[in-house]
Amino acid sequence: MIKKILIILFFSLNANAALEVTIAQGKVEPTPIAITQIFGADSDTARYGNTLRQIISNNLTNSGLFYTVNEDLYIQSDNLVEKVPRFEDWKLIKAQFLLSADVSKNDKGIRLRMRLYDVFNAKEIEKLQLTIPDENLIRRVGHTVSDIVYERITGETGYFDTRIVYVSEIGPLDQRVKRLAIMDQDGHIDSHQFLTDGKNMVLTPRFAPNKQLITYMEYKNNLPRVYIYNLKTGEREIVGDFPGMTFAPRFSPDSQSVVMSFSDPNNAANSEIYLMDLNTRSRFRLTNDSGIDTSPSFSPDGDKIVFNSDRGGSPQLFIMDKNGDNIKRISKGRGVYGNPVWSPRGDLIAFTKLTQGNFHIGVMDINGNNERVIVRDFALESPAWSPNGRYLIFHRQKRSNLDGTGGEVTIHFIDITGYNERVIPTPRDGSDPAWSPLL
Amino acid sequence: MLIVAGFFLASCAATKTEQGGDVDAASASASSSSGGEITAGTQEDLIVNVGDRVFFEFDSSELTVDAQATLDAQAAWLMQYPDTNITVEGHADERGTREYNLALGDKRAFSVYSYLAQAGIDTNRMEYVSWGKERPDVIGSDETAYSQNRRGVTLVSN
Numbered sequence: 033m034i035k036k037i038l039i040i041l042f043f044s045l046n047a048n049a050a051l052e053v054t055i056a057q058g059k060v061e062p063t064p065i066a067i068t069q070i071f072g073a074d075s076d077t078a079r080y081g082n083t084l085r086q087i088i089s090n091n092l093t094n095s096g097l098f099y100t101v102n103e104d105l106y107i108q109s110d111n112l113v114e115k116v117p118r119f120e121d122w123k124l125i126k127a128q129f130l131l132s133a134d135v136s137k138n139d140k141g142i143r144l145r146m147r148l149y150d151v152f153n154a155k156e157i158e159k160l161q162l163t164i165p166d167e168n169l170i171r172r173v174g175h176t177v178s179d180i181v182y183e184r185i186t187g188e189t190g191y192f193d194t195r196i197v198y199v200s201e202i203g204p205l206d207q208r209v210k211r212l213a214i215m216d217q218d219g220h221i222d223s224h225q226f227l228t229d230g231k232n233m234v235l236t237p238r239f240a241p242n243k244q245l246i247t248y249m250e251y252k253n254n255l256p257r258v259y260i261y262n263l264k265t266g267e268r269e270i271v272g273d274f275p276g277m278t279f280a281p282r283f284s285p286d287s288q289s290v291v292m293s294f295s296d297p298n299n300a301a302n303s304e305i306y307l308m309d310l311n312t313r314s315r316f317r318l319t320n321d322s323g324i325d326t327s328p329s330f331s332p333d334g335d336k337i338v339f340n341s342d343r344g345g346s347p348q349l350f351i352m353d354k355n356g357d358n359i360k361r362i363s364k365g366r367g368v369y370g371n372p373v374w375s376p377r378g379d380l381i382a383f384t385k386l387t388q389g390n391f392h393i394g395v396m397d398i399n400g401n402n403e404r405v406i407v408r409d410f411a412l413e414s415p416a417w418s419p420n421g422r423y424l425i426f427h428r429q430k431r432s433n434l435d436g437t438g439g440e441v442t443i444h445f446i447d448i449t450g451y452n453e454r455v456i457p458t459p460r461d462g463s464d465p466a467w468s469p470l471l
Numbered sequence: 003m004l005i006v007a008g009f010f011l012a013s014c015a016a017t018k019t020e021q022g023g024d025v026d027a028a029s030a031s032a033s034s035s036s037g038g039e040i041t042a043g044t045q046e047d048l049i050v051n052v053g054d055r056v057f058f059e060f061d062s063s064e065l066t067v068d069a070q071a072t073l074d075a076q077a078a079w080l081m082q083y084p085d086t087n088i089t090v091e092g093h094a095d096e097r098g099t100r101e102y103n104l105a106l107g108d109k110r111a112f113s114v115y116s117y118l119a120q121a122g123i124d125t126n127r128m129e130y131v132s133w134g135k136e137r138p139d140v141i142g143s144d145e146t147a148y149s150q151n152r153r154g155v156t157l158v159s160n
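First to last, the protein sequences are chains A and B. Add 32 to a position in the first sequence, counting from 1, and you land on the number used in this note's numbering. Add 2 to a position in the second sequence, counting from 1, and you land on the number used in this note's numbering.
Honestly, the hints are just simulated from the structure, not real lab data.
Pair by pair, the computed Cβ-Cβ distance ranges are:
#: 1; chain 1: A; residue 1: Asp435; chain 2: B; residue 2: Gly43; range: 33 to 39 Å
#: 2; chain 1: A; residue 1: Asn355; chain 2: B; residue 2: Ser62; range: 30 to 36 Å
#: 3; chain 1: A; residue 1: Asp321; chain 2: B; residue 2: Ser149; range: 27 to 33 Å
#: 4; chain 1: A; residue 1: Asp309; chain 2: B; residue 2: Glu64; range: 33 to 39 Å
#: 5; chain 1: B; residue 1: Gly43; chain 2: A; residue 2: Ile398; range: 52 to 58 Å
In this text, a Cβ means the ideal position worked out from N, Cα and C, and glycines have one as well.
Produce the complete structure using the sequences and hints provided.
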């Protein structure tokens, strides 16, 4: 809905090529950006302005690619939406880019005007004006403006106007209550919402690439099965409604099918990978081996599937064609691999690996070459890609003790270079995070 | 006597965590602490006089010799109480991914289920379910806990 609003109301959106960026292998030097006060003439609009400035500043800083120059240093304090900035003043405090905006009320809602300047080249590089029909959309507008700034300066697709679905956890570790929950990518408490009531255990939610659907596993009546949760209606629908456990679901790139594991009682409860067509409800078996086959994840072009199998003795990563042909092992290192997830850019597989008593989250090329560990700890799991393929979220669990203490589990964000890790706050413990596509 | 006491301790620990069992921790510990009679054919009877669970090696769903002996006793017990239905739960330790452990838990549960079926228990009396690593019996991040958590548990469901 908001996308439509924005498209209609932009009166100008420069679409030039990206400016100079400093993204390289390894550590990225964050680009300094100054963000003026977002001006509002009355108390409401001033409040909206403060909220927007905070969202934009936090988003850009959290990306690791920017930092907001401290406001106390700003020499010029004017609203620079209609006025040309004194670029020398901003150069002096080493701001490379400058964002200014104001908020006012009109009869259609809240009007936001924004200007983005390249300080060193002393020119305006982006401007927009939009009307926000409803105060409740302020946060999303803040994310959208953040995306525009991020895209304009880095040349990469943004990821701020997105959501994270995850499993909220509370209670003793042997009687954990697990609920589906959803929030903005920044974890802001105002955006946080529970989707299920905790009566049934839920695990491993994943977004549909282009629909407002989540597929996940739920123990309804103690029967573990794959379900789909419709974010628009709140309805839940079973996907694998036949005897035997279904689990480890993920959507195909066109959101028309779900690939998942099915543990068939007529096959000695050995987990095989199946494709479930959501329109016809027919299922296709893709693997056939006496080992466990699970954790399937489609390539973004829909041609291949990476999955986890212990067919060779220990759990490793394999790739196959979408019809199950041409199975090839790709993991080459020592250790026990799991959780493979294909990057949205198509070039990398994220995974977990257990070796020498620790879990590792890493990435490898799709042929298994160039394996790189990004983070290592006692318990790490569930890597999920940002929609632009630059970041991963995952969960990290502490050791637990016989007296029931410990075991805290939290959701983390990290650049795939291994830098800029931070916690995404959740009101309770959080696990199994998954990222939505750009909204 | 010591052995009996040990079984009672195990029963207290076990009954509080399992899903779907009809024996709760309070009644189990009440009868054990008071030394009261155990009703034949109940979960408590199974725990104390037979053994409700078998343990697995790391990343394995094969039944050990000990496990088979326990299941032989369970089968005999189930023959003795033909109106008793059961659910077999398969569990894993925490040192694996959630999804792999769900698969492993299901293979473990099925190992127990099919062993009992081969021993003559009607499959209409049995269900099985995997809990992966989601319901540890012993909390802790060490091998002592893990070895207790890699288990198949037989629960009386009626």
